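Q: For the record, the sequence lines run as chains U and D. No gaps in the numbering here: position 260 of the first sequence is 424 in the numbering used here, and each next residue is one more. No gaps in the numbering here: position 276 of the second sequence is 299 in the numbering used here, and each next residue is one more.
Derived by calculation from the structure, the hints in this document are not laboratory data. Since the structure is predicted, the reported quantities are computational estimates derived from the model, not experimental observations. A few of these clues could be false.
Unchecked claim - Here are the simulated EDC-like pairs of lysine to aspartate or glutamate, each with C-alpha atoms no more than 16 Å apart in a straight line:
1) D:K379 with U:E207
2) U:K437 with D:E424
3) U:K189 with U:E396
4) D:K373 with U:E386
5) D:K370 with U:E386
6) D:K370 with U:D441
7) D:K53 with D:E192
8) D:K438 with U:E266
9) D:K308 with D:E272
10) D:K443 with U:D209
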Amino acid sequence: MLRYKKIFLGGPCNNNCIYCPADHKDSPQVDFSAIRNSLDQKESDSVVLHGGEPTLRKDLPDIVNAARDKGFRRIKLLTNGRAFSNTHYLGQVMNAGCSLFEITLWGSNPNLHEYLSRAAGSFWETITGIENISAVPHDKFVCLRIPICKENLSDLENIVITALNLGTNRIILSMQDPALSLQEVLPHIINSINISIFNRVWILTEGLPFCLMQGLEQHISEIYSGWETLYEKMYQHHKQCAECVYKELCPGTEVRYVKQFGDREFLPVIAGKCFQDIKVLYD
Amino acid sequence: MTKKKIALISYNWANHFSLALGYLKAYALKNDFIRQNTDIEIIDFDTEGLNVQQVIYYLAQRKPDIVGFSSYCWNIEKVLDTARILKTLHPHIKIVLGGPEVGPIGSKYLKEYAFLDVVIKGEGEITFAELVKYYLGQISLEEIAGITYQSNGQVIENPDRLPIENLREIPSPYLEGILIPRDKVTYIETYRGCIFRCHYCFEGKNLPKLRFFPDERVKREIELVMSHPEVKTFHFVDTVFNFRKDRLEKIAGMIASANRYGAELRTVEIIAEFVDMETVELFKKAHVRSIETGPQTVNEDTLKNVNRYYKAEQFRNGVRLLEENGIEVTADLIIGLPGDTFFKFVKSVKTLMDMKPTTLVFSILHVLPGTILYEKSREFDLKFDDKAPHLVLSAPDFPFEDIDKAVIMAFSLDKEYNIKPFSA
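Produce the entire structure from the sequences given, and follow the hints as far as they go.
A: Below you can see the structure in the form of C-alpha cells.
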C-alpha cells in the first residue's frame, strides 16, 4: 500500500536466474551522480533500490546514505540477500539507513534454488543473509518473494514454510512462468495462503487475475500496489472479460500465457461480493 | 481501634503508575475518621514483570484487611488470579474491584467469582471513601450508592451514583504528596468527560458532562511536575486536549511559564480536525512533541454507526500542519467496527497512509462493557469475546476470517510503515 519511488542501480547480478524477469541484465551500473539526481525527485517518502543485484555495487552504503540524507523515511532493497551472509557488510548497509529488504527465494533446498538461480552456493548464502537480518536487534522488515515456476511448483508450500521459519514479515507469491497453467498453480496458492495465515504472516499473490482469486481477493497484491511491476509485463483482456465486473480494474492475463493456454479457464465474475469496496480503492 | 490496612493495587504496563488510585486515596484521606483509622497503601505492579505468586508473597507481608484493585480489560485476568488466591489463603480479607472493566457489569463478575466482595461502578472517589467507612463500622452497605456486592449468597446492586459535580472536591494526589511525578509516566487530568459520544468508548457515554478541575490547581500540578528536573516528558489524560482554543491557550501558558527544564508533552489526545496554525503555535508553546488522534475509520456508514466525528479535509489539513511543524502525529485505526469490511478497512489504511502521519496504530475493536456498542451489540449483530479484553469476533460484513486477516495484514503494515531505521 505504501508507494515507493523506484531507483534502478544497474544490471549486473551474481545470480543468473532462469526466470529472471529483468530485460536490462546487460545494462551497466548506473552512475552514482545520476542516482543522486533521481533521489532529488522526491514524489514519495519511501524508496526502493533495485537492479540487477544492488549489493554488487561497492558504493551501495553511500547510495543508501544519500537516500537517507535526502529525507527518505523508508529505504528498501530488492536483493538476492547473498551479500548479507557477511554480517559486517549487512551492518554497513543497515547503519547507512536501509531497514527494509525484499529477498527472492526460489526453493526450499540448495538443489532447487541453485538450479533456478544458476549460481552455486547461492542458497546457503541467501538463507544465511536472511538469518543475519532477522538476528539484527534493530527494527527491520523482511519480505520474501517466491517466484512460481514449473520447476518449483511442487515445492511451493515447503518454500513458504522455509520463509516462515526465517522470520519473514511478509511473503509474496509471484507468477513467473507463463508456461505454467494457473489452474495447476491455484491449489498450491491456496495451501500456501492457509499455511502463512495460520502462522500469522501476511501473504500476497502477484500476477493472478481476480476471476481465479475469488474468495481470496484480500491476497491480490495488485489491489494494494497496482498492476505496474518493476519489470514490464504485457497483459490482455479476452472476450469473457467484457462481462466481468472487474474488467476496469484488472488488466487481464499475460499475453504469453494466453498464447500458450488460451483463455477458456477465465470465467467472468458476474457479482463479486467485495467488488464495490475494491473499486473504491481504485477510485 | 486498630487501624485498618488497605492495599490499593494496580497492575500497569511499562512502569506506569495509577492516577485513579491516587485520587481514591487523596479523597478518602480528606475524612478525619478515615485518616485516623486506616493505613492506605498504593501498590503499582508491573503486569509483565511480576507473577501473581510474587504479589501474594508481598501482600502476605503487609497483612491488609481490605484489598482494592483497579480493573481494566488488559489486567483483569491477573486481578482475578490474585484476588482468588488471596481469598483462598486469607478469607477475612475483603476484595473490592473498581474500574471500567468491572463497574458496568459488577453483578456478572460477582456472580461468576464468589471470592469478590464488592464492585464499585462509575467514579470511585466518594464511593470508595464510603465503603471504607462501612468497613470501619460507620455506615451500612445499603446506604452506599454505586456499589454491587455479595450479601448472604445474593448479589445486590445499589443505585448508581452520579458523577461528582464539582471536581474541586477531589484533592490532587500530586499536591498531597501521594503520587510522586516520574519521567514518562506522569499524567495530569484537567477535566473529565468528553465532547464526543463515540459508541466504542466508555468516556463519552458514562461521563457526558464536562467537569473541570480548578485552573489554579491544574497550574500548581503543572508547576510541581515540571519542577522535577528528571521529568523530561509527561502527559495529559484529557479526552481531547484541544477541544477549545481558549482553554488550550490557558494550559499552554501555564506550561510555558513552568517549563524551566525543557520538559516535553507527549502523546496528548487531540482532534486533528480542530487544528489550525494558531493551535499549532499553542502546541509548540506547550512543548507538545507528539499527539495522538483518530480517525479510527474513514468510511461514512461506519462513522455513523459508531457516532464518530470525522471531517476528511480538516483532518488531512490538521495532520499536514502538525507534521510540517515538527509535531509527530500518531493516527489510529480500529479493525472490526460495525459497517466496515476488509476492503473498507483497507480504504481507511490507504487514506491515512496518503496523509503520512509519523505513526499509524492499528487496534482491533474491543467491545467494552459500559459502551453503547456493548449494549447495542445485538442490533449490530456484533459478536465479541465475553471474556476481557472483549475483542470483536465478527460483524455482519466482516466475518471472523476477514477480521483475522485484517489483523495479520495490519501487523505487517505496522512493521513496514512505522519502521525506525537504525542509526549508528
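Q: Need the list of violated hint numbers for this structure, in ascending order.
A: Hint check: nothing fails, all pass.
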